[in-house]
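Turn these sequences into a full structure, and let the hints guide you.
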Amino acid sequence: MDGVIHVEAYYPAGVQYIITTGGSHYIGSINETTVLKYPHSKDDSFALDVERKIFEQLGKNNRIIEFKGMHENGLLLEYASNGSLESYVQKADTTEEQKMRFARETAEGVAYDHGKNIIICDINVRNILLDAELHVKLYSASVKTDIFALGSTIYHIVTGHRPFPELDTIDDEAEFLHRYKDGRFPPLEAELGGKVIRKCWEGGYNSATEIVDDLVSLEARL
Numbered sequence: 344m345d346g347v348i349h350v351e352a353y354y355p356a357g358v359q360y361i362i363t364t365g366g367s368h369y370i371g372s373i374n375e376t377t378v379l380k381y382p383h384s385k386d387d388s389f390a391l392d393v394e395r396k397i398f399e400q401l402g403k404n405n406r407i408i409e410f411k412g413m414h415e416n417g418l419l420l421e422y423a424s425n426g427s428l429e430s431y432v433q434k435a436d437t438t439e440e441q442k443m444r445f446a447r448e449t450a451e452g453v454a455y456d457h458g459k460n461i462i463i464c465d466i467n468v469r470n471i472l473l474d475a476e477l478h479v480k481l482y483s484a485s486v487k488t489d490i491f492a493l494g495s496t497i498y499h500i501v502t503g504h505r506p507f508p509e510l511d512t513i514d515d516e517a518e519f520l521h522r523y524k525d526g527r528f529p530p531l532e533a534e535l536g537g538k539v540i541r542k543c544w545e546g547g548y549n550s551a552t553e554i555v556d557d558l559v560s561l562e563a564r565l
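Here the sequence shown stands for residues 344 to 565, numbered as in the working numbering.
Calculated directly from the structure, the hints in this document are not laboratory data. A few of these clues could be false.
Keeping only pairs whose Cα atoms sit at most 27 Å apart, straight-line, the calculated DSS-like set for lysine-lysine is [to be verified]: (1) K396 to K459; (2) K459 to K411; (3) K411 to K385; (4) K459 to K403; (5) K538 to K524; (6) K396 to K385; (7) K411 to K524; (8) K434 to K411; (9) K538 to K434; (10) K442 to K538; (11) K442 to K403; (12) K396 to K411; (13) K542 to K459.
Just so we're clear, the structure is a prediction, and the values are computed from it rather than from any experiment.
In structure tokens form, the structure reads like this:
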């Protein structure tokens with residue numbers, strides 16, 4: 344069919360199997376602790392080169408997926424064996440203590456990134472991973488926009504669903520924007536961490552570090 348681009352999977356040296364694929368890249372398993380992120384097209388390495396520079400600027404931190412170096416086809420990264428936070432928080436047995444720890448660790452990661460002058464353009468539970476010990480690992484705007492998105496991510500962690508689940512994230516984008524612009528947020532009074540979430544959405548925080556402090560206080564009271 345005209346206009347359809349077919350992508351044929353390939354396996355660089357060392358890749359045992361493909362774990363998942365994104366819009367422009369694959370994640371392939373190297374071993375139990377390492378994955379390779381590599382482009383769909385062997386000639387499309389620019390985006391990964393930008394990502395490499397970001398990882399090098401960030402350095403090592405417990406809340407960031409570890410960059411292990413370069414492979415001839417892409418980036419060698421730490422393998423987060425428990426997958427995405429999105430799938431984990433949907434489990435019925437996730438405790439309030441776990442939810443608050445996930446929220447606090449996510450905020451710690453964002454605060455660290457901001458301290459390194461890195462702005463995350465897409466904070467959400469799909470892009471937050473969990474390692475073997477169930478600790479948060481950030482995977483890869485303005486600071487205020489990041490903080491707003493962090494509030495939405497904390498909301499998803501504590502409720503198990505995104506804000507306004509009745510709306511389609513693509514078809515109803517205009518309605519999302521109207522509601523947020525008008526200050527029409529989901530009810531928060533009964534939600535764990537509701538005051539923190541609302542303060543994120545209403546622009547009450549100047550930094551992610553302030554959010555970490557509030558979440559630490561809330562976590563200590565559980």
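Here's how the hints hold up against the structure:
no.: 1; hint: K396 to K459; verdict: holds (12 Å)
no.: 2; hint: K459 to K411; verdict: holds (19 Å)
no.: 3; hint: K411 to K385; verdict: holds (20 Å)
no.: 4; hint: K459 to K403; verdict: holds (11 Å)
no.: 5; hint: K538 to K524; verdict: holds (19 Å)
no.: 6; hint: K396 to K385; verdict: holds (19 Å)
no.: 7; hint: K411 to K524; verdict: violated (41 Å)
no.: 8; hint: K434 to K411; verdict: violated (31 Å)
no.: 9; hint: K538 to K434; verdict: holds (24 Å)
no.: 10; hint: K442 to K538; verdict: holds (15 Å)
no.: 11; hint: K442 to K403; verdict: holds (24 Å)
no.: 12; hint: K396 to K411; verdict: holds (13 Å)
no.: 13; hint: K542 to K459; verdict: holds (24 Å)
The structure shown violates the earlier hints numbered 7, 8.
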